[in-house]
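Here the protein sequences line up with chains L and W, keeping their order.
Residue numbers for the first sequence follow this note's numbering, beginning at 5 and rising by one.
Residue numbers for the second sequence follow this note's numbering, beginning at 5 and rising by one.
A hint or two may mislead.
To be verified - 20 Å max Cα-Cα, derived EDC-like pairs, lysine to aspartate or glutamate:
id : chain 1 : residue 1 : chain 2 : residue 2
1  : W       : Lys141    : W       : Glu97
2  : L       : Lys240    : W       : Glu15
3  : W       : Lys141    : W       : Glu93
4  : W       : Lys141    : L       : Asp182
5  : L       : Lys40     : W       : Glu138
6  : W       : Lys134    : L       : Glu37
7  : W       : Lys31     : L       : Glu15
8  : L       : Lys134    : L       : Asp165
9  : L       : Lys141    : W       : Asp182
10 : W       : Lys240    : L       : Glu15
11 : W       : Lys86     : W       : Asp165
12 : L       : Lys171    : L       : Glu37
Stated by the list, open to error - To spell it out: a stretch of chain W is covered by chain L in this simulated footprint if at least three of its residues, at any positions, have a beta carbon under 8 Å from a beta carbon of chain L; those stretches are:
id : region
13 : 8–21
14 : 217–224
FYI, nobody ran anything at the bench for these hints, they're computed from the structure.
Ideal Cβ placement from N, Cα and C applies to all residues, glycine included.
One-letter residues, chain by chain:
There are 2 protein chains.
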Amino acid sequence: MTHLKNSFPTEPVQAQFPPALIFGTGKRATLPETLKNWGSANVAVVAADVLKESVGEMTRAIRSAGIEVRIVYCQPAEPRMKDFVHVCEELGEPFPDTVIGIGGGSVLDVAKLVAALGDRPGQLRAYVGKGLLESRKARLVCIPTTSGAGSEGSPNAIMVDEEDHAKKAVISPHLIPDMVLIDPELTVSVPPHVTAATGFDALCHCIEAYANKYAHALVDGFALQGISLIAGNIAKATNEGTDIGARRAMALGSYLGGLCLGPVNTAAVHALSYPLGSAFGLPHGLANAILMPAVFRYNLPAMPERYARIALAMGVGEAESPEATAEAGIRLLEDLIDQCSLREGLKRFTIDSSQFPELARQALQITRLLNNNPREVDLAAAQSIYRQSFPDS
Amino acid sequence: MTHLKNSFPTEPVQAQFPPALIFGTGKRATLPETLKNWGSANVAVVAADVLKESVGEMTRAIRSAGIEVRIVYCQPAEPRMKDFVHVCEELGEPFPDTVIGIGGGSVLDVAKLVAALGDRPGQLRAYVGKGLLESRKARLVCIPTTSGAGSEGSPNAIMVDEEDHAKKAVISPHLIPDMVLIDPELTVSVPPHVTAATGFDALCHCIEAYANKYAHALVDGFALQGISLIAGNIAKATNEGTDIGARRAMALGSYLGGLCLGPVNTAAVHALSYPLGSAFGLPHGLANAILMPAVFRYNLPAMPERYARIALAMGVGEAESPEATAEAGIRLLEDLIDQCSLREGLKRFTIDSSQFPELARQALQITRLLNNNPREVDLAAAQSIYRQSFPDS
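Start from the sequences and build out the full structure, keeping to the hints where you can.
In structure tokens:
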């Protein structure tokens, strides 16, 4: 039993957060009141097509308040740039005064871009990068319906560029919503494999922001609390989806994960995960979950104390050394991956290990994330992590 | 060695936070740029009079950017309602488009009210209470220069009503600034006894928000991280005031404490502390510090696990039971009070123990805070806490 040292990284930081949060079961009913207070007259809803019933109810309530609403439904996964353009065309004129995104991270990313660039969608590529977007014309409400991406709390919007199949990010404070509305009831119908995958994505945001070369004391608290909430509830939310307590905790944990993405962001798991999505169609959260143990074991020697604190936040007891505590945390992570049947989910995909060298090469180009990683990842390390993560391929 | 249970209170909550934070040594130099981006033309600065030199530099930089600035200096402690009216009169016409508060919690509270009610200061009493203020006309920047009150992150402004000598709070999302600028360099000149007292106030915000009947999983992470930052740095910031690392950690910790005040707020320590200020002139932070050990020992049986987690966040090792861990935390708190010479500071004040029954009666009227306390406080308990806290009186 050692005593863990604590560190307080307090370098200069600039951070933007959503100014208003409404959280609670059934709270989607408050939406018309907010829109009336804002004086919204012309609302565009961008929503996941699997949510037609709930979204229909919500838009009827908005219309009853005398506010015009248009809805565009879109596919809830991996939007391409041309999908964004298509959504904007479908919305048509006039440009809305308020955009409401309702869905998982991909749908919210589209909604965020509609609010900022909906009047000039063809220019999207010009804004890829950090801080290029200079304003947003429409008010923006984000209503997350999976507990995962944390897009509602982040300045990021990520699209697949169909020209080179790479994921590209527009990052700007103007992509942070005016209001986040989290109604955990909307997550109850999310199927187990999606709950598990998106939940691990959220857990990964928190862990990668905490064990990060640019970790910051401002964000450390969000991250550790997100880790506690998710690790303590993901198995129950996955396997007993109607447990509203677990759903509430997951919704809050994933929001806290989103708050980590602006000031600190993620690291090697996310960088190595992106090519797996492009090459084999692996969902983002599932790819992250499968990679996490091997990446964290690789990183552990660089930050044993931080990985130990992550383990404590997950609910592990303190062991004889920071390294041992951290390793117990990684074992608990593997246990949660099993409890959530994520390796089962992997069987639907064909992973071709002969592609690992090429995937590693692609991953190493995502320097905006790899620069955050506590330990340098080279080609050999990246390939080794892929092999450890997919031992049966 | 037991294993601590974790709890995830996730009741409905509505929370507002400052949308932008700029944090870092020397970052006050970025202020003119922010004002230019906003298009500010007519700025009012409300500042603590002890800061004339730094404030002079900052306003010169703003003027050099072609922006008009007026400054009103005010006393840095316990403002009365008539002080607020006086500040508004001194500012005069026209009403500014932007208000910048620079100072400790009291000065920031005045600045917040100037931004919201500066055009009708005589109506202040009509807005005492929660949610009565319906808008704010001016943009608002808060620049805290003590690491204490956390006013920059809270929807509260507290004034002494000179008619009945009671502290009264205006609470509204419209009192949350558009931007918080934390430049820890501005706190370096704060003298030791003020650093200690305001730092304990900040620690108290975090602890009372975490060990609270209305504790919330959203806020728990802010609170625990604030506790770690403050407990780990308050002795150094007090006794080696030029240690910029300790100052940075304190500035961030007190900001996190401020973020706790909106959604959850404080409890019995703050309620029992207010009458001590009115009766004996005890500074708010000092009064809080002296009361904390006795109040927390009284509360401990109602929430042993939460007080144990507070102790762990303070850096205490886990003991054989939650109660023992929690008690070790309270002993560390007493140790920090000694290291910061707060009981020495008490010698400047005359505490008349014959007034304790009357003070207890007054404290029990502050139900907006006592309702949050994990254990009911009656007259006998309040008096007993006063006696334990001032054994020499």
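For each hint, the structure was consulted:
1. Annotation: proposed proximity of W:Lys141 to W:Glu97 holds, straight-line Cα distance about 14 Å (limit 20 Å).
2. Straight-line distance between C-alpha atoms of L:Lys240 and W:Glu15 comes to about 18 Å, which keeps the hinted pair within the 20 Å bound.
3. In summary, the hint linking W:Lys141 to W:Glu93 is supported, as the alpha carbons are separated by about 17 Å, within the 20 Å threshold.
4. Restraint check for W:Lys141 and L:Asp182: the C-alpha separation of about 18 Å stays at or below 20 Å, so the hint holds.
5. Among the hinted pairs, L:Lys40 with W:Glu138 is consistent with the structure: their alpha-carbon atoms are about 14 Å apart, no more than 20 Å.
6. Distance hint between W:Lys134 and L:Glu37 is fulfilled; the C-alpha atoms sit about 19 Å from each other, no more than 20 Å.
7. Of the pairs offered as hints, the one joining W:Lys31 and L:Glu15 holds, with about 11 Å between alpha carbons and a cut-off of 20 Å not exceeded.
8. The straight-line distance between the Cα atoms of L:Lys134 and L:Asp165 is roughly 16 Å, inside the 20 Å bound, and the hint therefore holds.
9. A hinted pair counts as satisfied when its Cα atoms are at most 20 Å apart, and L:Lys141 with W:Asp182 qualifies at roughly 18 Å.
10. Our distance criterion of 20 Å between C-alpha atoms is met by W:Lys240 and L:Glu15, whose separation comes to about 18 Å.
11. A distance of roughly 8 Å separates the Cα atoms of W:Lys86 and W:Asp165; the hinted pair therefore holds under the 20 Å criterion.
12. Among the hinted pairs, L:Lys171 with L:Glu37 is inconsistent with the structure: their alpha-carbon atoms are about 37 Å apart, more than 20 Å.
13. As drawn, the region 8–21 of chain W meets chain L at 10 residues by the rule of a beta-carbon pair under 8 Å; at three or more, the given contact holds.
14. For the region 217–224 of chain W, the stated coverage by chain L holds: 3 residues have a C-beta nearer than 8 Å to a C-beta of that chain, and at least 3 were required.
Checked against the numbered hints given earlier, the structure breaks only hint 12 and satisfies all the rest.
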